[in-house]
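*Asks:* With the hints as extra help, turn the sequences into a complete structure.
Line order of the protein sequences matches chains L and F. Position one of the first sequence corresponds to residue 140 (the numbering used here), numbered consecutively onward. Position one of the second sequence corresponds to residue 140 (the numbering used here), numbered consecutively onward.
What the hints contain is simulated information worked out from the structure, not anything from laboratory work. Ideal placement from N, C-alpha and C gives every residue a C-beta, glycine not left out. Treat each hint with caution, since some may be false.
[Said to hold, decoys possible] Calculated pairs, SDA-like style, for lysine to any residue (alpha carbon to alpha carbon, straight line, at most 25 Å):
| no. | chain 1 | residue 1 | chain 2 | residue 2 |
| --- | --- | --- | --- | --- |
| 1 | L | LYS395 | F | ASP186 |
| 2 | F | LYS451 | F | ARG333 |
| 3 | L | LYS165 | F | LYS395 |
| 4 | L | LYS395 | F | ASP183 |
| 5 | F | LYS446 | L | ASP217 |
| 6 | L | LYS338 | L | SER320 |
| 7 | F | LYS412 | L | PRO365 |
| 8 | F | LYS412 | L | ASP186 |
| 9 | L | LYS412 | F | SER141 |
| 10 | F | LYS412 | L | ARG143 |
| 11 | F | LYS404 | L | ALA182 |
| 12 | F | LYS412 | L | ASP248 |
| 13 | L | LYS330 | L | SER459 |
| 14 | F | LYS338 | F | ARG305 |
| 15 | F | LYS412 | L | SER141 |
| 16 | F | LYS395 | L | GLY213 |
| 17 | F | LYS500 | F | GLU461 |
| 18 | L | LYS165 | F | TRP278 |
| 19 | F | LYS165 | F | LYS324 |
| 20 | L | LYS371 | L | GLY496 |
| 21 | F | LYS404 | L | ASP186 |
| 22 | F | LYS395 | L | SER181 |
| 23 | L | LYS165 | F | MET268 |
[Stated by the list, open to error] Heads up, incomplete: computed chain F residues facing chain L, CB under 8 Å, no partners named:
| no. | residue |
| --- | --- |
| 24 | SER194 |
| 25 | HIS203 |
| 26 | ALA215 |
| 27 | GLN276 |
| 28 | ALA402 |
| 29 | GLY515 |
| 30 | THR520 |
2 protein chains.
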Amino acid sequence: MSMRRVAVIGTGITEFGELWDSSFRKLGIGAGLAAVEDARISADLIDAMYVGNMSAGRFIRQEHVAALIADYSGLARDHIPATRVEAAGASGGLALRQGFLAVASGLHDIVVVGGAEKMTDVSDMESSMIQSSADDQEWETELGATFASLHALIATRHMHNYGTTREQLADVAVKNHSHGSLNPKAQFRRKIDRNVVLKSPIVASPLRMFDCAPSSDGAAAVVLCPLDAARKYAETPVEITGSGQASDTLALHNRKDICTMGATKVAAERAFKMAELAQKDVDVAEVHDNFTISEILAVEDLGFFPKGQGGKATEEGRTSFEGDVAVNTSGGLKARGDPIGATGVAQAVEIVTQLRGKADKRQVKDADVGLTQNVGGTGATVVVHIFRRA
Amino acid sequence: MSMRRVAVIGTGITEFGELWDSSFRKLGIGAGLAAVEDARISADLIDAMYVGNMSAGRFIRQEHVAALIADYSGLARDHIPATRVEAAGASGGLALRQGFLAVASGLHDIVVVGGAEKMTDVSDMESSMIQSSADDQEWETELGATFASLHALIATRHMHNYGTTREQLADVAVKNHSHGSLNPKAQFRRKIDRNVVLKSPIVASPLRMFDCAPSSDGAAAVVLCPLDAARKYAETPVEITGSGQASDTLALHNRKDICTMGATKVAAERAFKMAELAQKDVDVAEVHDNFTISEILAVEDLGFFPKGQGGKATEEGRTSFEGDVAVNTSGGLKARGDPIGATGVAQAVEIVTQLRGKADKRQVKDADVGLTQNVGGTGATVVVHIFRRA
Numbered sequence: 140m141s142m143r144r145v146a147v148i149g150t151g152i153t154e155f156g157e158l159w160d161s162s163f164r165k166l167g168i169g170a171g172l173a174a175v176e177d178a179r180i181s182a183d184l185i186d187a188m189y190v191g192n193m194s195a196g197r198f199i200r201q202e203h204v205a206a207l208i209a210d211y212s213g214l215a216r217d218h219i220p221a222t223r224v225e226a227a228g229a230s231g232g233l234a235l236r237q238g239f240l241a242v243a244s245g246l247h248d249i250v251v252v253g254g255a256e257k258m259t260d261v262s263d264m265e266s267s268m269i270q271s272s273a274d275d276q277e278w279e280t281e282l283g284a285t286f287a288s289l290h291a292l293i294a295t296r297h298m299h300n301y302g303t304t305r306e307q308l309a310d311v312a313v314k315n316h317s318h319g320s321l322n323p324k325a326q327f328r329r330k331i332d333r334n335v336v337l338k339s340p341i342v343a344s345p346l347r348m349f350d351c352a353p354s355s356d357g358a359a360a361v362v363l364c365p366l367d368a369a370r371k372y373a374e375t376p377v378e379i380t381g382s383g384q385a386s387d388t389l390a391l392h393n394r395k396d397i398c399t400m401g402a403t404k405v406a407a408e409r410a411f412k413m414a415e416l417a418q419k420d421v422d423v424a425e426v427h428d429n430f431t432i433s434e435i436l437a438v439e440d441l442g443f444f445p446k447g448q449g450g451k452a453t454e455e456g457r458t459s460f461e462g463d464v465a466v467n468t469s470g471g472l473k474a475r476g477d478p479i480g481a482t483g484v485a486q487a488v489e490i491v492t493q494l495r496g497k498a499d500k501r502q503v504k505d506a507d508v509g510l511t512q513n514v515g516g517t518g519a520t521v522v523v524h525i526f527r528r529a
Numbered sequence: 140m141s142m143r144r145v146a147v148i149g150t151g152i153t154e155f156g157e158l159w160d161s162s163f164r165k166l167g168i169g170a171g172l173a174a175v176e177d178a179r180i181s182a183d184l185i186d187a188m189y190v191g192n193m194s195a196g197r198f199i200r201q202e203h204v205a206a207l208i209a210d211y212s213g214l215a216r217d218h219i220p221a222t223r224v225e226a227a228g229a230s231g232g233l234a235l236r237q238g239f240l241a242v243a244s245g246l247h248d249i250v251v252v253g254g255a256e257k258m259t260d261v262s263d264m265e266s267s268m269i270q271s272s273a274d275d276q277e278w279e280t281e282l283g284a285t286f287a288s289l290h291a292l293i294a295t296r297h298m299h300n301y302g303t304t305r306e307q308l309a310d311v312a313v314k315n316h317s318h319g320s321l322n323p324k325a326q327f328r329r330k331i332d333r334n335v336v337l338k339s340p341i342v343a344s345p346l347r348m349f350d351c352a353p354s355s356d357g358a359a360a361v362v363l364c365p366l367d368a369a370r371k372y373a374e375t376p377v378e379i380t381g382s383g384q385a386s387d388t389l390a391l392h393n394r395k396d397i398c399t400m401g402a403t404k405v406a407a408e409r410a411f412k413m414a415e416l417a418q419k420d421v422d423v424a425e426v427h428d429n430f431t432i433s434e435i436l437a438v439e440d441l442g443f444f445p446k447g448q449g450g451k452a453t454e455e456g457r458t459s460f461e462g463d464v465a466v467n468t469s470g471g472l473k474a475r476g477d478p479i480g481a482t483g484v485a486q487a488v489e490i491v492t493q494l495r496g497k498a499d500k501r502q503v504k505d506a507d508v509g510l511t512q513n514v515g516g517t518g519a520t521v522v523v524h525i526f527r528r529a
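*Replies:* Here it is as structure tokens:
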């Protein structure tokens, strides 16, 4: 496949949080317009739109959300193709991948990729049930498993197999809240210490409230175009040099090893191969820390640390600003927030901001290569992208 | 864009109807395996899967359905990318378009495109509410509009503007039931006459029960590969020569003219241009007759007949087997059934079957070129594909 090189030329993101005075469409349009403005393009140049969203059908009773966002952005006038893609928590990353392929293949020149979710219009219980629709309804959810309890199984096994400690899990949250305190768009901007995590209420043992990402409203968007045209629009275009997607069994119990997300390994292999880069090249990464244990699996399965060493690496600060690789500088899902369909796109926004050198107080020095890892369910879909300052 | 030519080498479809002993996953896998068997390929050759589905989140409380189908088809073993796309009623056509682009661009060689919906696990009232989530919730549904009542507005205006008669609407249903009687997979296989339609209960005046497609369970799938490899697998490969997608305002009241679906016109222009073919070349077409009025708009907006002449053309038999273009030989959504996410793929299955000359009693003589038109909502998304016997 001979592909065109693709760059991100604009980013937009709303505040993340419990945004009771913002509707889904207001959030989606807000992020999209901010990205278009940042790219300094005229809206009539936009050829197509891809939207990542997990469950607007259940959260706000609205399907068909790509057409909705295109319409309320004024783009239906030109009848642009508008496509929603969904893979639970990986919906945003998947939308980015579809947009990337649309430009890489030459089908479209300028594409807006958005992600949005409006989660707080339903009760916490209903929200939890909707999040569980990422898992196997017939073999997991109907038998009583929740999204948190499945991750608790992973955590328990990881602690058993590798000696990962309860404190190391807490350290993921402590680090990400610390990072979030530097991000003005983050849902939680207050530092916490280990004790806050360790004394917080149990959600599904061993996971406690501060091990879990929150329910959030929010949206994010990026504008893509061919790299060779990117300098017309952006001072510092950021190239998407690799894209990998992989699936795995929907139910956790069908995996050979629940301490490894096979789809992360394979998606990362595919992305690194396309990018012709290796783990050691990555300066900054946004990974899918919907639970603290998820970040530990991620930094192992992405190949930053050997299997079983993710907890120790976190404890030693090797995933912090001064570490081997700065992980979740935005605050991650834990502190920046996790409006599900928006998350994968928000990860890209953070990485592009870092590679542009515009991350202010949370800037990783000389960041040149970044990576995003976006997970659906307990790992049945994983999308990995690699970015490089162009 | 230099694209590879793409062929359909296998098709599969389940029975459509109220299939209370079949689950969503059973239907999806059934159609997929039938398509793979028809293509005579080994499953380990499959590179990726795209799944069209509108609202499994609400119909069966399951999101993340592409990973689900990949998993239960045994394809998660190879971690293939599995992507769900959604645009209400156009979800299946959109999945076909994504699969087509994946092969055309060179990204993947062998791709399975599936569509599925399981609608009968909820009450009729709930099903109606879910279908209305294709429309603008804030400006249509919450104010009392239903999916049927919006189409009733279109029908009323079309009758007023162009003199389309109540009998001409009925003739669409009479024709499609007649076609469905020849399709062993159709949900309704009994011929009806005008009086059956005209005396059926009113749903939303002027539309009556027999003007409306049913709620259905079902799934359909096709296997795609590059045309130059297709003869290895298929006796009669069918090429996808054109693909067009377009959006429009989500709410009907924002359109300049509710008697024209602008997205159909634009999607058709794009598809015909790519195919380098014109309306007169089309022998057989599957169009989105979710309501009888929709087929009348479709045959006009696709350019088969001038605006306002669709009803008259139907009455005169010009959309029947012996007419200018054979429309909905499968029975259409009206008689074959309309499991929403499956519909766009089922349309492709019918066209490929016709172009292969394998449509038995409903075969269109010497069918060489076929077209599908798949609509989301009241026309906020339309996808058009053009097929040719290779």
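*Asks:* Now tell me, hint by hint, if it's right for this structure.
*Replies:* Tested hints:
no., hint, in the structure
1, L:LYS395 x F:ASP186, "holds (22 Å)"
2, F:LYS451 x F:ARG333, "holds (15 Å)"
3, L:LYS165 x F:LYS395, "holds (24 Å)"
4, L:LYS395 x F:ASP183, "holds (20 Å)"
5, F:LYS446 x L:ASP217, "holds (21 Å)"
6, L:LYS338 x L:SER320, "holds (21 Å)"
7, F:LYS412 x L:PRO365, "holds (24 Å)"
8, F:LYS412 x L:ASP186, "holds (17 Å)"
9, L:LYS412 x F:SER141, "holds (24 Å)"
10, F:LYS412 x L:ARG143, "holds (23 Å)"
11, F:LYS404 x L:ALA182, "holds (22 Å)"
12, F:LYS412 x L:ASP248, "holds (18 Å)"
13, L:LYS330 x L:SER459, "holds (14 Å)"
14, F:LYS338 x F:ARG305, "holds (12 Å)"
15, F:LYS412 x L:SER141, "holds (24 Å)"
16, F:LYS395 x L:GLY213, "holds (14 Å)"
17, F:LYS500 x F:GLU461, "holds (14 Å)"
18, L:LYS165 x F:TRP278, "holds (14 Å)"
19, F:LYS165 x F:LYS324, "holds (17 Å)"
20, L:LYS371 x L:GLY496, "holds (19 Å)"
21, F:LYS404 x L:ASP186, "holds (17 Å)"
22, F:LYS395 x L:SER181, "holds (24 Å)"
23, L:LYS165 x F:MET268, "holds (23 Å)"
24, SER194, "holds (5 Å)"
25, HIS203, "holds (4 Å)"
26, ALA215, "holds (5 Å)"
27, GLN276, "holds (5 Å)"
28, ALA402, "holds (6 Å)"
29, GLY515, "holds (6 Å)"
30, THR520, "holds (5 Å)"
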